[in-house]
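Asks: Sequence:
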Amino acid sequence: MTNTIPTNRRKVRLLAAASALVVGLGLVVASGHAAQNETESQSMIRQEPASVALSARQQSIPLIAAFMAMSDMPKLSAALNQGLDAGLTVSEAKEILVQLYAYTGFPRSLNALQELMKVVAARQQSGIHDIVGREPGRAIPTGDALIVAGTSNQTKIAGATVKGAVFDFAPVINQFLQTHLFGDIFERDNLDWQSRELATVGALAATPGVEAQLRSHMAASMRVGLTVTQLRQLTQILTEHCDADTARRADHALTEALAVIRKENPHFD
Numbered sequence: 000m001t002n003t004i005p006t007n008r009r010k011v012r013l014l015a016a017a018s019a020l021v022v023g024l025g026l027v028v029a030s031g032h033a034a035q036n037e038t039e040s041q042s043m044i045r046q047e048p049a050s051v052a053l054s055a056r057q058q059s060i061p062l063i064a065a066f067m068a069m070s071d072m073p074k075l076s077a078a079l080n081q082g083l084d085a086g087l088t089v090s091e092a093k094e095i096l097v098q099l100y101a102y103t104g105f106p107r108s109l110n111a112l113q114e115l116m117k118v119v120a121a122r123q124q125s126g127i128h129d130i131v132g133r134e135p136g137r138a139i140p141t142g143d144a145l146i147v148a149g150t151s152n153q154t155k156i157a158g159a160t161v162k163g164a165v166f167d168f169a170p171v172i173n174q175f176l177q178t179h180l181f182g183d184i185f186e187r188d189n190l191d192w193q194s195r196e197l198a199t200v201g202a203l204a205a206t207p208g209v210e211a212q213l214r215s216h217m218a219a220s221m222r223v224g225l226t227v228t229q230l231r232q233l234t235q236i237l238t239e240h241c242d243a244d245t246a247r248r249a250d251h252a253l254t255e256a257l258a259v260i261r262k263e264n265p266h267f268d
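Under numbering that gives the first Met the number 0, the sequence shown has 155 at position 156, and the numbering climbs by one with no breaks.
Calculated directly from the structure, the hints in this document are not laboratory data.
All C-beta atoms in this analysis are idealised placements derived from N, C-alpha and C, irrespective of residue type, glycine included.
Hints are not guaranteed to be accurate.
[As the list claims (entries may be wrong)] In silico PhoX-like pairs for lysine-lysine, Cα to Cα no more than 20 Å straight-line:
{"hint": "1", "residue 1": "93", "residue 2": "74"}
{"hint": "2", "residue 1": "74", "residue 2": "117"}
{"hint": "3", "residue 1": "93", "residue 2": "117"}
[Claimed, not checked] Distance windows between CB atoms, simulated:
{"hint": "4", "residue 1": "72", "residue 2": "169", "range": "15 to 23 Å"}
{"hint": "5", "residue 1": "134", "residue 2": "85", "range": "33 to 41 Å"}
{"hint": "6", "residue 1": "140", "residue 2": "264", "range": "29 to 37 Å"}
{"hint": "7", "residue 1": "120", "residue 2": "189", "range": "15 to 23 Å"}
{"hint": "8", "residue 1": "144", "residue 2": "251", "range": "21 to 29 Å"}
{"hint": "9", "residue 1": "117", "residue 2": "242", "range": "37 to 45 Å"}
{"hint": "10", "residue 1": "141", "residue 2": "244", "range": "35 to 43 Å"}
{"hint": "11", "residue 1": "251", "residue 2": "104", "range": "21 to 29 Å"}
{"hint": "12", "residue 1": "117", "residue 2": "188", "range": "21 to 29 Å"}
{"hint": "13", "residue 1": "211", "residue 2": "117", "range": "30 to 38 Å"}
{"hint": "14", "residue 1": "189", "residue 2": "116", "range": "16 to 24 Å"}
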């Protein structure tokens, strides 16, 4: 079908869509190349057959994250056991819990890591020898190279080059995001980005008051290759195993993220 939207008008719409998707992170799209970056990010969204589902390993990740965010140790223990049974390595489980300190805070991360230690020890005593997994296989950049890598990762995940009033007010927060979260953490290659986003969505869905960030990470999940079918499955998993508010927040965030994407791509999924 021939695109009849004038070029300038389309750029304005792309800019607006990009702004809506990243505003949950307190960001607005920078001028200049924002429309081009958003177009490129849309092309990264994978449109797969509806039969493609989350693996058993992937299904455990949002539950681990949600129960960590809730500080529900009995359910976290069960979710960790489920994940390890499904092929999650000990290293991957640790990485999920470490990453989530950026979203849920150090206390919850430390408590969850202690719970993982108990789970692994109990499984060993029962004769279960879980796959240890590996540490990151490449060196993490430092200095200016870390800023470059982190900024690139941030742009890919957010869908466009971003900046915002909050960063003008407190520039150091974006420096921390670019160098630490999107640099130090997202450069670690012992956990893939899809797993990282599944964990982030699970934790944010379980946290009241961060609906805007949850919406942004639903969109980010599609940018790193998760399909709409898989994200709908994620919301169903949360519906079945978590409280009604957690499931409602996840479902609403997915609906809102899809509305923006479909506005620019009417034939999406």
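Asks: State for each hint whether it applies.
Replies: Going through the hints against the structure:
Restraint check for residue 93 and residue 74: the C-alpha separation of about 17 Å stays at or below 20 Å, so the hint holds. A distance of roughly 13 Å separates the Cα atoms of residue 74 and residue 117; the hinted pair therefore holds under the 20 Å criterion. Distance check on the hinted pair: residue 93 and residue 117 sit about 13 Å apart at the alpha-carbon level, within 20 Å; holds. For residue 72 and residue 169, the Cβ-Cβ distance of about 34 Å falls outside the hinted range of 15 to 23 Å, so the restraint is violated.
Between residue 134 and residue 85, the C-beta spacing of about 21 Å breaks the proposed range 33 to 41 Å. Judged by the Cβ atoms, the range 29 to 37 Å given for residue 140 and residue 264 holds: they are separated by roughly 34 Å. For the pair residue 120 and residue 189, the supplied restraint of 15 to 23 Å holds, since their beta-carbon distance comes to about 21 Å. Distance hint for residue 144 and residue 251: a CB-CB separation of about 39 Å, inconsistent with the stated range 21 to 29 Å.
The given range of 37 to 45 Å is broken by residue 117 and residue 242, whose C-beta atoms sit roughly 24 Å from each other. Between residue 141 and residue 244 the CB atoms are about 41 Å apart, so this pair conforms to the stated range of 35 to 43 Å. As the Cβ distance of residue 251 to residue 104 is approximately 24 Å, the hint placing it in 21 to 29 Å holds. Taking 21 to 29 Å as the suggested C-beta distance range, the pair residue 117 and residue 188 conforms, at roughly 28 Å.
Separated by about 35 Å at the C-beta atoms, residue 211 and residue 117 satisfy the suggested range of 30 to 38 Å. For residue 189 and residue 116, the Cβ-Cβ distance of about 18 Å falls inside the hinted range of 16 to 24 Å, so the restraint holds.
Checked against the numbered hints given earlier, this structure breaks hints 4, 5, 8, 9; the rest are met.
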